[in-house]
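There are 2 protein chains.
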Amino acid sequence: MKVGVIGLGRMGSGIAQSLLRAGHEVSVYNRTPEKAQALVALGASAAGSIADACLGDAVITVLANDAAVESVVFAEAGILANLAGAIHISSSTISVSLAERLTAAHSHARQRFVSAPVFGRPDTAAAGQLVVAAAGAADAIQAASPLLDAMGRTTFIASDTPKVANLIKLSGNFLFASVIESLGEALALVEKAGVDRQKYLDFLTSTLFDLPVYKLYGGLIVREEFEPAAFEAQLGYKDIRLALAAADDLRVPMPLGGLLRDRFLTLLAHGGDHLDWSAIGALPARDAAEVTSSG
Amino acid sequence: MKVGVIGLGRMGSGIAQSLLRAGHEVSVYNRTPEKAQALVALGASAAGSIADACLGDAVITVLANDAAVESVVFAEAGILANLAGAIHISSSTISVSLAERLTAAHSHARQRFVSAPVFGRPDTAAAGQLVVAAAGAADAIQAASPLLDAMGRTTFIASDTPKVANLIKLSGNFLFASVIESLGEALALVEKAGVDRQKYLDFLTSTLFDLPVYKLYGGLIVREEFEPAAFEAQLGYKDIRLALAAADDLRVPMPLGGLLRDRFLTLLAHGGDHLDWSAIGALPARDAAEVTSSG
Chain A
1 MKVGVIGLGR
11 MGSGIAQSLL
21 RAGHEVSVYN
31 RTPEKAQALV
41 ALGASAAGSI
51 ADACLGDAVI
61 TVLANDAAVE
71 SVVFAEAGIL
81 ANLAGAIHIS
91 SSTISVSLAE
101 RLTAAHSHAR
111 QRFVSAPVFG
121 RPDTAAAGQL
131 VVAAAGAADA
141 IQAASPLLDA
151 MGRTTFIASD
161 TPKVANLIKL
171 SGNFLFASVI
181 ESLGEALALV
191 EKAGVDRQKY
201 LDFLTSTLFD
211 LPVYKLYGGL
221 IVREEFEPAA
231 FEAQLGYKDI
241 RLALAAADDL
251 RVPMPLGGLL
261 RDRFLTLLAH
271 GGDHLDWSAI
281 GALPARDAAE
291 VTSSG
Chain B
1 MKVGVIGLGR
11 MGSGIAQSLL
21 RAGHEVSVYN
31 RTPEKAQALV
41 ALGASAAGSI
51 ADACLGDAVI
61 TVLANDAAVE
71 SVVFAEAGIL
81 ANLAGAIHIS
91 SSTISVSLAE
101 RLTAAHSHAR
111 QRFVSAPVFG
121 RPDTAAAGQL
131 VVAAAGAADA
141 IQAASPLLDA
151 MGRTTFIASD
161 TPKVANLIKL
171 SGNFLFASVI
181 ESLGEALALV
191 EKAGVDRQKY
201 LDFLTSTLFD
211 LPVYKLYGGL
221 IVREEFEPAA
231 FEAQLGYKDI
241 RLALAAADDL
251 RVPMPLGGLL
261 RDRFLTLLAH
271 GGDHLDWSAI
281 GALPARDAAE
291 VTSSG
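In order, the protein sequence lines correspond to chains A and B. The first sequence finishes on residue 295 if you use the numbering used here, and the numbering steps up by one all the way, no holes. The second sequence finishes on residue 295 if you use the numbering used here, and the numbering steps up by one all the way, no holes.
In case anyone wonders, no lab produced these hints; they're calculated from the structure. We treat Cβ as the ideally placed atom computed from N, Cα and C, and that holds for glycine. Incorrect hints may have been included.
[What the hints assert, rightly or not] Output of the computed footprint for chain B on chain A, the stretches with three or more beta carbons under 8 Å from beta carbons of chain B:
#1 30-37
#2 184-193
#3 202-215
#4 238-252
#5 281-291
With the hints as constraints, model all of the structure from the sequences given.
Set out below in structure tokens:
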């Protein structure tokens, strides 16, 4: 398929790579055009404008937050004004309410829209091994499926209402952050009793919690390896807030969600915006006045 | 080895079975002797008293709580008064402070003591597939290892200080309860947006959270299958309180631990003592006034 990718941060670049590898014809666009160069070397074409990136069968947006998506979609020279037959696939982690606005705007313009946020980190994006939560009208999902298949190892078709995919993405990040918090508290508890944190983590992750997410985040906490960030704390904070905003609208109390929000606030208050989001897992040891390697 | 098992609830009976299968000579004792019959049919001998169960190389206690362990160990006709050369292996989930008392009392009586609480449910106990956290003097652990090997698929030697194994056990139950709470909140959130809970859980547990504990507890929450309990809420509540008591002593704030304590209190206040502990995962949907199958 002929597909545009708008937004060439690490996730967008990874997705563009996996699309190229699957044999799709990929044009790439970024506000700062330098980021396109590495992809052009891999066979992509550089789109000169958002409109140029909208000329194919589909355009995928992979942007950092609601504001970036709004500007790319609703601007005068944006997607909404330039989409002919292409499907807009939104793979950014955005609010449920913005997904609802996008759905309405595209529908009003008689354009097809699929929400397809993704789980994974830049390396899994580049490997085409993301986990995709997709929602939208059946015909749009069907038409987009060769692209979704190239991006991910699994696609969960959640609903025919696009915003539901965004809620599922946010709920997943809530679950990940819950893992980080629980590991952070457990590690602080056993360490203060004299247990070696690495040995404890190795025990957990070779038996009861033999899962990549426990190994990854547990390892980052134990080694206090929060830079460079694979996923920044400010983005983790954003996602927990978006999950809570959806919970507000739906009237679903989430006390653990609220606790996580406060953890991120504490981290950001101490200047942790650009640390990996797993750095909230170091706060329990700090609260307990433990002397760790960096303490 | 010749080994006594004191406490024939479902976990104790399961452990006795796995010891018999491994070829050990097992005598069994329970306050209400009827529970010994099934094990006698499998080749165990029925001990007539606690003292009788202490005559071999080791005696394993598998009891419900601190009070039961105290009564079996410190009573006039208890273990402390009757242990000759046998090692006392404590596999009950007890407080860190009781483990400390047991260590001191056995040491004073020149007796060997190993703390070896276990992770698993009655069926994994019967299969000899528990995960064991063990701590104690190296020679005692060494002598006990054929028994620990028969009980579990893995033994984590945590420390030479017995109480550390109890802390690790409590931290593990804290992590499990955290999984239950996070799944309960995520399920309540997506369900109120119209997502099928079973499909959502299947998606999670086939991708990002492909781990037995997420499948088990997620399935129980989705199906609201809290009876019969494999692990009662009142015991889960006890363990979270014991984790928090250890955290109090060590000066380790655990906000998620505090949240879990309140969840269990809510469940018990509504008469949930004998439900499976995963029933705290149904509280978020109730708070959100969702109409579920039983609502």
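Hints breached by this structure: Hint 1 is the one this structure does not satisfy, whereas the remaining hints hold.
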